[in-house]
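Undergrad: If you count the sequence shown from 1, position 25 lands on 25 in the UniProt record's numbering, and the numbers rise without skipping.
Just so you know, these hints were derived from the structure itself, not from any lab.
The reader is advised that the hints may include incorrect statements.
Stated by the list, open to error - Cβ-Cβ distance ranges computed for the label pairs, FRET-style:
hint, residue 1, residue 2, range
1, V115, H38, 17 to 23 Å
2, Y17, V72, 37 to 43 Å
3, I83, T107, 16 to 22 Å
4, S70, R121, 24 to 30 Å
5, W11, R130, 38 to 44 Å
Predicted model, so just to flag it, every value in this text is computed and none were measured.
Note that CB positions come from ideal geometry on N, CA and C, so glycine has one too.
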Amino acid sequence: MAFSTLIPLRWGDMDAYGHVNNVVFLSYLEQARVNAFHSTPDDRSGAALLKEGVVVVEHTIRYRRQLPYSSVPLRIVCWTDEIKSATYTTAYKLWNDAGEEPELVATAKTLLAPVDFATGRPRRLTPEERTFLGRFGPEESSH
């Protein structure tokens, strides 16, 4: 099932144009992934995956609307979009809930790869890691 989390906006996230700067969205995506990994009652699998080492291979962000500062947190829905032998993809929808209707402000994907930090080399996902990642997908609804 997709995971949903709330990320507070910080005043310093804004740029000179009065909306959240595009580069800040990467930080929001990272926080959503970390929150998802520690969201289950038995989060040892997620914590172990983080501990063993995961690196970002690629980010793709589609900005759909400007995101002005608000005291209402940004809602991010994320899920595991694809699992391969040595990579996995997390997909996201970022929602601004400050108005009367939720507004989709961005969609994104992150391609990640597990690594062995001792050797610095890529490694394959373990069956336990694949099972854990499979808990977060696919997306079930747009809101």
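Undergrad: For every hint, state whether the structure bears it out.
TA: Now for the hints, and whether the structure bears them out:
no. : hint                    : result
1   : V115 to H38: 17 to 23 Å : holds (20 Å)
2   : Y17 to V72: 37 to 43 Å  : violated (20 Å)
3   : I83 to T107: 16 to 22 Å : holds (19 Å)
4   : S70 to R121: 24 to 30 Å : violated (43 Å)
5   : W11 to R130: 38 to 44 Å : holds (40 Å)
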